[in-house]
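These protein sequence lines are chains A and B, in that order.
Numbers given in the working numbering equal positions in the first sequence, counted from 1, plus 47.
Numbers given in the working numbering equal positions in the second sequence, counted from 1, plus 47.
Treat the hints as calculated values from the structure; they're not laboratory data.
Nothing here was measured: the structure is a model prediction, and the numbers come from that model.
Honestly, I wouldn't trust all of these hints.
Since the list gives no way to pick one copy over another, a pair counts as held whenever it fits inside one copy or between any two copies.
Stated by the list, open to error - The list that follows gives simulated cross-link-like pairs (lysine to any residue, SDA-like), each with its CA atoms no further than 25 Å apart:
| hint | residue 1 | residue 2 |
| --- | --- | --- |
| 1 | Lys240 | Gly269 |
| 2 | Lys85 | Ala98 |
| 3 | Lys320 | Arg156 |
| 4 | Lys80 | Ala237 |
| 5 | Lys123 | Gln353 |
| 6 | Lys73 | Ala352 |
| 7 | Lys247 | Ile126 |
| 8 | Lys228 | Ser107 |
| 9 | Lys184 | Gln377 |
| 10 | Lys85 | Ala349 |
| 11 | Lys228 | Glu382 |
| 12 | Lys184 | Trp122 |
| 13 | Lys184 | Ala109 |
| 14 | Lys152 | Gln377 |
| 15 | Lys320 | Ile126 |
There are 2 protein chains.
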Amino acid sequence: MYPTSSFESFVERSDKFPLEKFARAKDLLIIDKNVLVKLPGLTRDWRFVYAVEAGEELKSFAGFAARLEQILELWKTPISRSSRIVAVGGGSVGDFAGFIASVLKRGVRLEHVPSTWLAAIDSAHGGKTALNVGGVKNQIGTFYPAQAVHLVREILDTQPEGRALEGLGELVKIALLEGDKMFAALIDGAGEKPAALLWKLLEPAIAAKYAVVRQDPQELSGARKILNLGHTMGHVFEAAYGRSHGESVTQGLWFALEWSRHKNILSSREWDKIRDVFVRLNLQRWTDQVDFISLEARSVLALLAQDKKMTADDKVDFVFLRTVGGPVVQPVMIEEIMLEGIRQGWVRGAI
Amino acid sequence: MYPTSSFESFVERSDKFPLEKFARAKDLLIIDKNVLVKLPGLTRDWRFVYAVEAGEELKSFAGFAARLEQILELWKTPISRSSRIVAVGGGSVGDFAGFIASVLKRGVRLEHVPSTWLAAIDSAHGGKTALNVGGVKNQIGTFYPAQAVHLVREILDTQPEGRALEGLGELVKIALLEGDKMFAALIDGAGEKPAALLWKLLEPAIAAKYAVVRQDPQELSGARKILNLGHTMGHVFEAAYGRSHGESVTQGLWFALEWSRHKNILSSREWDKIRDVFVRLNLQRWTDQVDFISLEARSVLALLAQDKKMTADDKVDFVFLRTVGGPVVQPVMIEEIMLEGIRQGWVRGAI
Chain A
48 MYPTSSFESF VERSDKFPLE KFARAKDLLI IDKNVLVKLP GLTRDWRFVY
98 AVEAGEELKS FAGFAARLEQ ILELWKTPIS RSSRIVAVGG GSVGDFAGFI
148 ASVLKRGVRL EHVPSTWLAA IDSAHGGKTA LNVGGVKNQI GTFYPAQAVH
198 LVREILDTQP EGRALEGLGE LVKIALLEGD KMFAALIDGA GEKPAALLWK
248 LLEPAIAAKY AVVRQDPQEL SGARKILNLG HTMGHVFEAA YGRSHGESVT
298 QGLWFALEWS RHKNILSSRE WDKIRDVFVR LNLQRWTDQV DFISLEARSV
348 LALLAQDKKM TADDKVDFVF LRTVGGPVVQ PVMIEEIMLE GIRQGWVRGA
398 I
Chain B
48 MYPTSSFESF VERSDKFPLE KFARAKDLLI IDKNVLVKLP GLTRDWRFVY
98 AVEAGEELKS FAGFAARLEQ ILELWKTPIS RSSRIVAVGG GSVGDFAGFI
148 ASVLKRGVRL EHVPSTWLAA IDSAHGGKTA LNVGGVKNQI GTFYPAQAVH
198 LVREILDTQP EGRALEGLGE LVKIALLEGD KMFAALIDGA GEKPAALLWK
248 LLEPAIAAKY AVVRQDPQEL SGARKILNLG HTMGHVFEAA YGRSHGESVT
298 QGLWFALEWS RHKNILSSRE WDKIRDVFVR LNLQRWTDQV DFISLEARSV
348 LALLAQDKKM TADDKVDFVF LRTVGGPVVQ PVMIEEIMLE GIRQGWVRGA
398 I
């Protein structure tokens, strides 16, 4: 896939890691240790390798200065704006490496090789980099699209099969935003294994994301907000239950769809159609609140308030769905989200 | 002055600080302590004020995480991309505040109120922000133009008169790049006090800089390199003699012009014309190497090599001058610069 704007990356798929593309001795490889353990041969041609422990700690700004000094100590070559950082890993590795690439010498070249399905379908694309400050997620960051994103099956297969199931959450999200074409492809492929389905639909999913990003690359007009579908409560679930981003987004999607239905924004016919796909994809296990203890209102409020800081006014731009392919952004009060949480059974207690 | 591209700032001049423009209670003021001491009334309308000690230490990345946490602790308001940081200070304050503005929430609004002539004429414009890592200057940074730059006479006058003389170095540089029009204005105004001359020529000088920046806002094509006139050796002089940036750039300009003449790039007639302006502006005191102890070759080499890291190959793009308004960029070996340094008497010892 060739980029059609400076906010998109050149995207290509391959079965094996394209080592031959990285013969430039001066590049820096930033790689998730877990990937390296499974594919130790990857670093064969690299002089400069910085292996990291993936996770939120990697994104902590408190430790960032020390890490940057380590990298400059290690990367013993004249670094210029044409130097290149190649990041192999999931979302946290991409965010970390992307931020470094965006500020080092005011910007060096950056290429991503996502090792998780979530990164492959979502975070490696669209140019957002981020670090956490004082425990607040993504408090600082830059818009800095990678020049290229290499989707490599052998890298993605270093993840356990269960992680592919998590990737389906973002796949369903983007299909719901894109419309009938991707949604039909999702139904068609529902019988396949998650990894196979994701591999097949990666490119249309990425194209659908770029179609949104292109309208609002730096999040100024608000057009990009629809990508937040399922994420408002998804982030709450992620923090409260400590489960993966993918599972939590699936839960958050369910919450948003159920609320859209209750508000009569989404028709019951459309809701039935979507629910059917959740079942076929085996996602309903994360969406049935009977399996979860309900959350205390106070802690949900605190988590929403933290997320709320992202907007200037006192409301949250919540993404509802009218039809498949028809998102609707509506500002809502935090209290409304709480009441809906109680109604759906996720939240207990007084607000 | 209205911007003609997204890489330029709205620029305006006023005698007094335009407090009324900053009535938004949610903005953050980052201000040089020395300015605050002289104009304590400035902070009257501000809820959030972060006063800093100007200088290179402020730009140290090692201390940056702690400073950012202090700022987030202090700036107790929902911060969004439409929040605004106003920086009152010289180059280091602008670089520091600009970097923060460029990464906080992936970019908040930024306005500069330069308190030094050097910042007013140069560093506040063109969008470069920078921090130092492990002792290396400007190792990281971003391209992030301020929305507005307010040139305020009462702020600039908080500097001692001697500092205005330093500002003349950058003024002469930009006049040499721009051409006969600015050069004639410089000659016309040579009898005035430095501050008065700078105040008069600020806008054409800034316009001349933007004309260059516009061709190569992110330093990709190389067109912006001509702004480095006088700076290659200027940085060496600055580090070696520990004098101000303005004085050092004047010295560095002299070095570049003298070399241009020696190489017959610059005609002797043109050189005489330029030299005459140096004398009229009372700048020759910094350019006569008799007043300076010559520098040891080894330390000059080390300083040049550090600067050299900015380019990918083994050469330095040195900016020569053919005529007033006619810069010429030529790649030279570091050894050539050293030999010229010895020839001019700035450098001693074997290379």
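Hint check:
1. Taking the shortest Cα distances, lysine 240 and glycine 269 never come within 25 Å of each other, neither inside one copy (35 Å) nor across copies (51 Å).
2. Only within a single protomer do lysine 85 and alanine 98 lie at most 25 Å apart by alpha-carbon distance; the minimum there is 13 Å, versus 50 Å between protomers.
3. In this assembly of identical chains, the alpha carbons of lysine 320 and arginine 156 never lie at most 25 Å apart, being 44 Å within a copy and 44 Å across copies at closest.
4. In this homomeric assembly, lysine 80 and alanine 237 never come within 25 Å of each other (Cα to Cα): the closest approach is 32 Å inside a single copy and 64 Å across copies.
5. For a Cα distance limit of 25 Å, the shortest separation of lysine 123 from glutamine 353 across copies, 13 Å, qualifies, whereas the shortest one inside one copy, 40 Å, does not.
6. With identical chains, the CA atoms of lysine 73 and alanine 352 are at most 25 Å apart between copies only, with a shortest distance of 18 Å across copies and 45 Å within one.
7. Taking the shortest alpha-carbon separations for lysine 247 and isoleucine 126, neither the intra-copy value of 38 Å nor the inter-copy value of 40 Å comes in at or below 25 Å.
8. For the homomeric pair lysine 228 and serine 107, neither the shortest alpha-carbon distance inside one copy (40 Å) nor that between copies (52 Å) is at most 25 Å.
9. Taking CA atoms no more than 25 Å apart as the test, lysine 184 paired with glutamine 377 passes inside one copy only; the shortest distance there is 24 Å, against 46 Å between copies.
10. When the C-alpha separation of lysine 85 and alanine 349 is checked against a cutoff of 25 Å, the pair qualifies neither within a copy, at 39 Å, nor between copies, at 43 Å.
11. Proximity of lysine 228 and glutamate 382 under a CA criterion of 25 Å is satisfied in neither setting, with 36 Å inside one chain copy and 64 Å between copies.
12. Only between protomers do lysine 184 and tryptophan 122 lie at most 25 Å apart by alpha-carbon distance; the minimum there is 17 Å, versus 28 Å within a single protomer.
13. In this homomeric assembly, lysine 184 and alanine 109 come within 25 Å of each other (Cα to Cα) both inside a single copy, at 13 Å, and across copies, at 21 Å.
14. Taking the shortest alpha-carbon separations for lysine 152 and glutamine 377, only the inter-copy value of 22 Å comes in at or below 25 Å, while the best intra-copy value is 40 Å.
15. For the homomeric pair lysine 320 and isoleucine 126, neither the shortest alpha-carbon distance inside one copy (53 Å) nor that between copies (40 Å) is at most 25 Å.
Violated hints, listed in ascending order, are 1, 3, 4, 7, 8, 10, 11, 15; each of the other numbered hints is respected by the structure.
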